[in-house]
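Chemist: Those sequence lines, one after another, are chains A and B.
Read in numbering that gives the first Met the number 0, the first sequence has 279 at position 280, and its numbers run on one by one without any break.
Read in numbering that gives the first Met the number 0, the second sequence has 47 at position 48, and its numbers run on one by one without any break.
A couple of the hints might just be wrong.
Here are the simulated EDC-like cross-link-like pairs (lysine to aspartate or glutamate), alpha carbons at most 20 Å apart as the crow flies [stated by the list, open to error]: (1) Lys-128/B with Asp-217/A; (2) Lys-143/B with Asp-41/B; (3) Lys-72/B with Asp-217/A; (4) Lys-12/A with Glu-173/A; (5) Lys-128/A with Asp-217/B; (6) Lys-125/B with Asp-217/A; (7) Lys-51/B with Glu-319/A; (8) Lys-72/A with Asp-217/B; (9) Lys-294/B with Glu-331/B; (10) Lys-125/B with Glu-173/A; (11) Lys-51/A with Glu-319/B; (12) Lys-299/B with Glu-331/B.
I should point out that these hints are in silico values taken from the structure, not numbers from a laboratory.
If you want the building blocks of each chain, they are given just below.
Protein chains: 2
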Amino acid sequence: MLTGHQTWVFNSKPVIISSAAVGGPFEAKGALAEDFDYLHQDVWLGQDSFEKAEKKLLEQACETAISKANMKKEDVQFFISGDLMNQIISSTFTARTLGMPFIGIFGACSSSMESLAMASLLIDSKAAKYVLAAASSHNIAVEKQFRYPTEYGAQKPPTAQWTVTGAGAGLVAETGDGPRVTSATIGRVIDMGLTDPYNMGSAMAPAAVDTIEAHFRDLNIDPSYYDLIATGDLGRVGHIIASKLLAKHGHEIPPEIFTDCGMLIYKKDQPVMAGGSGCGCTATVTYGHLLNRMKKGELKKILVIATGALLSPLSYQQKESIPCIAHAVSIEI
Amino acid sequence: MLTGHQTWVFNSKPVIISSAAVGGPFEAKGALAEDFDYLHQDVWLGQDSFEKAEKKLLEQACETAISKANMKKEDVQFFISGDLMNQIISSTFTARTLGMPFIGIFGACSSSMESLAMASLLIDSKAAKYVLAAASSHNIAVEKQFRYPTEYGAQKPPTAQWTVTGAGAGLVAETGDGPRVTSATIGRVIDMGLTDPYNMGSAMAPAAVDTIEAHFRDLNIDPSYYDLIATGDLGRVGHIIASKLLAKHGHEIPPEIFTDCGMLIYKKDQPVMAGGSGCGCTATVTYGHLLNRMKKGELKKILVIATGALLSPLSYQQKESIPCIAHAVSIEI
Numbered sequence: 000m001l002t003g004h005q006t007w008v009f010n011s012k013p014v015i016i017s018s019a020a021v022g023g024p025f026e027a028k029g030a031l032a033e034d035f036d037y038l039h040q041d042v043w044l045g046q047d048s049f050e051k052a053e054k055k056l057l058e059q060a061c062e063t064a065i066s067k068a069n070m071k072k073e074d075v076q077f078f079i080s081g082d083l084m085n086q087i088i089s090s091t092f093t094a095r096t097l098g099m100p101f102i103g104i105f106g107a108c109s110s111s112m113e114s115l116a117m118a119s120l121l122i123d124s125k126a127a128k129y130v131l132a133a134a135s136s137h138n139i140a141v142e143k144q145f146r147y148p149t150e151y152g153a154q155k156p157p158t159a160q161w162t163v164t165g166a167g168a169g170l171v172a173e174t175g176d177g178p179r180v181t182s183a184t185i186g187r188v189i190d191m192g193l194t195d196p197y198n199m200g201s202a203m204a205p206a207a208v209d210t211i212e213a214h215f216r217d218l219n220i221d222p223s224y225y226d227l228i229a230t231g232d233l234g235r236v237g238h239i240i241a242s243k244l245l246a247k248h249g250h251e252i253p254p255e256i257f258t259d260c261g262m263l264i265y266k267k268d269q270p271v272m273a274g275g276s277g278c279g280c281t282a283t284v285t286y287g288h289l290l291n292r293m294k295k296g297e298l299k300k301i302l303v304i305a306t307g308a309l310l311s312p313l314s315y316q317q318k319e320s321i322p323c324i325a326h327a328v329s330i331e332i
Numbered sequence: 000m001l002t003g004h005q006t007w008v009f010n011s012k013p014v015i016i017s018s019a020a021v022g023g024p025f026e027a028k029g030a031l032a033e034d035f036d037y038l039h040q041d042v043w044l045g046q047d048s049f050e051k052a053e054k055k056l057l058e059q060a061c062e063t064a065i066s067k068a069n070m071k072k073e074d075v076q077f078f079i080s081g082d083l084m085n086q087i088i089s090s091t092f093t094a095r096t097l098g099m100p101f102i103g104i105f106g107a108c109s110s111s112m113e114s115l116a117m118a119s120l121l122i123d124s125k126a127a128k129y130v131l132a133a134a135s136s137h138n139i140a141v142e143k144q145f146r147y148p149t150e151y152g153a154q155k156p157p158t159a160q161w162t163v164t165g166a167g168a169g170l171v172a173e174t175g176d177g178p179r180v181t182s183a184t185i186g187r188v189i190d191m192g193l194t195d196p197y198n199m200g201s202a203m204a205p206a207a208v209d210t211i212e213a214h215f216r217d218l219n220i221d222p223s224y225y226d227l228i229a230t231g232d233l234g235r236v237g238h239i240i241a242s243k244l245l246a247k248h249g250h251e252i253p254p255e256i257f258t259d260c261g262m263l264i265y266k267k268d269q270p271v272m273a274g275g276s277g278c279g280c281t282a283t284v285t286y287g288h289l290l291n292r293m294k295k296g297e298l299k300k301i302l303v304i305a306t307g308a309l310l311s312p313l314s315y316q317q318k319e320s321i322p323c324i325a326h327a328v329s330i331e332i
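Construct all of the structure, not just a fragment, from the sequences and the given hints.
Modeler: Written out as structure tokens, the structure reads:
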């Protein structure tokens, strides 16, 4: 199963038998609105805090994925989830609602693919028959926690990104119909010394490149193996850096294959600066848009590399640089 | 491998080929001082913040575990770790130092056994040959983040617990000498509606009981199977509740078998109120004291149930109750 240094090849090819993507009002105006199962016009989701609203998004994504598979939550053995809130409260409170055995994970915005990689490992190793993998983020909850409350009206530089309000969930099983998870590459922490939390794409790009290169090396394949290679949330700034770094290292990926979830989710006229970000970005784009494209026959083999900036506001205040990580999952149909 | 609803039986019996426990000055005065590899007299560990001091503890535990096995960090495929800091920065910054592929996890104080369970799963499923599992906490960093800076001198009720300043790490392998991980039970989130962050033992006791019962049920064994059953950090208050709840449900565990890491680590005359707590509590007691007792032949079969209170200061302020979880790992020699 371990292939090369850091890649798992799943011989049983765990199946994503259902998935769901839920978003907020800004995502409803975005480029991928049709790929969401639910889009909320109220950024509060009827709750009295943004954190509780995020929990609602995640609960809805999880419950939708389960019901789309015509299953009950009692049939699912494990719930694996992570998010950006301190102590991953969106995930833990959703785990309380679901009542399933819960494996909490944290990889910042890489959580979406960390949870899918772990879920696939559990299925492949017969540690479970059904595992629900999920991740979420909420724009205003994240701004409040990591930067400033949005009411403050702080300005941002063009390198900043817009955290997606959304949650995505995938139900992974031993057998069934649907796209299959064929391998996963677990990333190392890469820190090039960048310190600007308004330029996460630049900080995360080298981590994405490190994981992509490890994936190709471990599996002895090249970019042409995939129809689409999508990083998580590098945005426009990080995407250019990642493309150039890969080319410099001899892994030039044609622009029609290489993209970024943060560049796909919003329309060009939405004021998102360098693009989308947050756990909910890769999660909703993958579990909604990309899997839909696979089911339509437009894509057969994709590699999703979710990137995460592992800073906290406190590590930033203590003048630490931003450690970054990326986890890659390959999905084939 | 999946046995019953939520337990993994590891047929290959992954081996803990080495482990390490590192503590601070208060642990040096504790009941288990002799079981630590390193005890620091300086609670700052020469750093300029308590968060950086916690990272140093964790780095030292990890590096010690690796060197005790006469290995290099390059030989270890994955590092799995969690802690109580926001965005688990102790673990992520340690992962940056170690340079290994990193799987970040979060289960509050249950992180110690969540990481050991996942590490054992990776070994058993041949997803790795060597995995380092770890967890840490730092008393003053935790007080500052979850309650008040210690300089404030806030008083605490007798139900409160003392967060351990310490880190523990275990190196898990396919083959070798040492105690073996035979099974793990992943817990559900249990929330009985308790809201007092100064009485975590009471909040977590039902989660511990739920996981212990699931473990016995899934494996069709009873408490007499084990020489020692140790919960993580219920402390004296939570331990009584857990004992009574188990007895009420027909699982009476004799007091000479049933204990709690938070009751073991400090001496009776240390002012720790209801006992020790924190990820570092179960981690140091297990990877130091309990494994040492196994190697001495005093214990042959133990079950460690690490408990976690999954609240954040923000969920508390928003009047949420405290969701709790417990993950159990059985170790045999």
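Chemist: Now look at each hint and say whether the structure bears it out.
Modeler: Each hint, compared with the structure:
Proximity of Lys-128/B to Asp-217/A is assessed by CA-CA distance (about 16 Å); at most 20 Å being required, the pair is judged to hold. With a C-alpha separation of about 18 Å, the suggested pair Lys-143/B and Asp-41/B falls inside the 20 Å cut-off, and the hint holds. In summary, the hint linking Lys-72/B to Asp-217/A is supported, as the alpha carbons are separated by about 19 Å, within the 20 Å threshold. The suggested pairing of Lys-12/A with Glu-173/A holds, with an alpha-carbon distance near 8 Å, which does not exceed 20 Å.
Between Lys-128/A and Asp-217/B, the direct Cα distance comes to roughly 15 Å. Compliance with the 20 Å bound is thereby established for this hinted pair. Distance restraint check for Lys-125/B and Asp-217/A: the Cα-Cα separation of roughly 16 Å lies within the 20 Å cut-off, and the hinted pair is therefore satisfied. Only pairs whose Cα atoms come within 20 Å are accepted, and Lys-51/B paired with Glu-319/A is accepted, the gap being roughly 10 Å. Restraint check for Lys-72/A and Asp-217/B: satisfied, since their Cα atoms lie roughly 19 Å apart, inside the 20 Å limit.
A threshold of 20 Å between alpha carbons decides the hint, and for Lys-294/B with Glu-331/B the separation of about 10 Å falls inside it, so the pair holds. Taking the CA atoms of Lys-125/B and Glu-173/A, the gap is about 18 Å. The hint holds against a cut of 20 Å. At roughly 10 Å between alpha-carbon atoms, Lys-51/A and Glu-319/B fall within 20 Å of each other, so this suggested pair holds. Straight-line distance between C-alpha atoms of Lys-299/B and Glu-331/B comes to about 6 Å, which keeps the hinted pair within the 20 Å bound.
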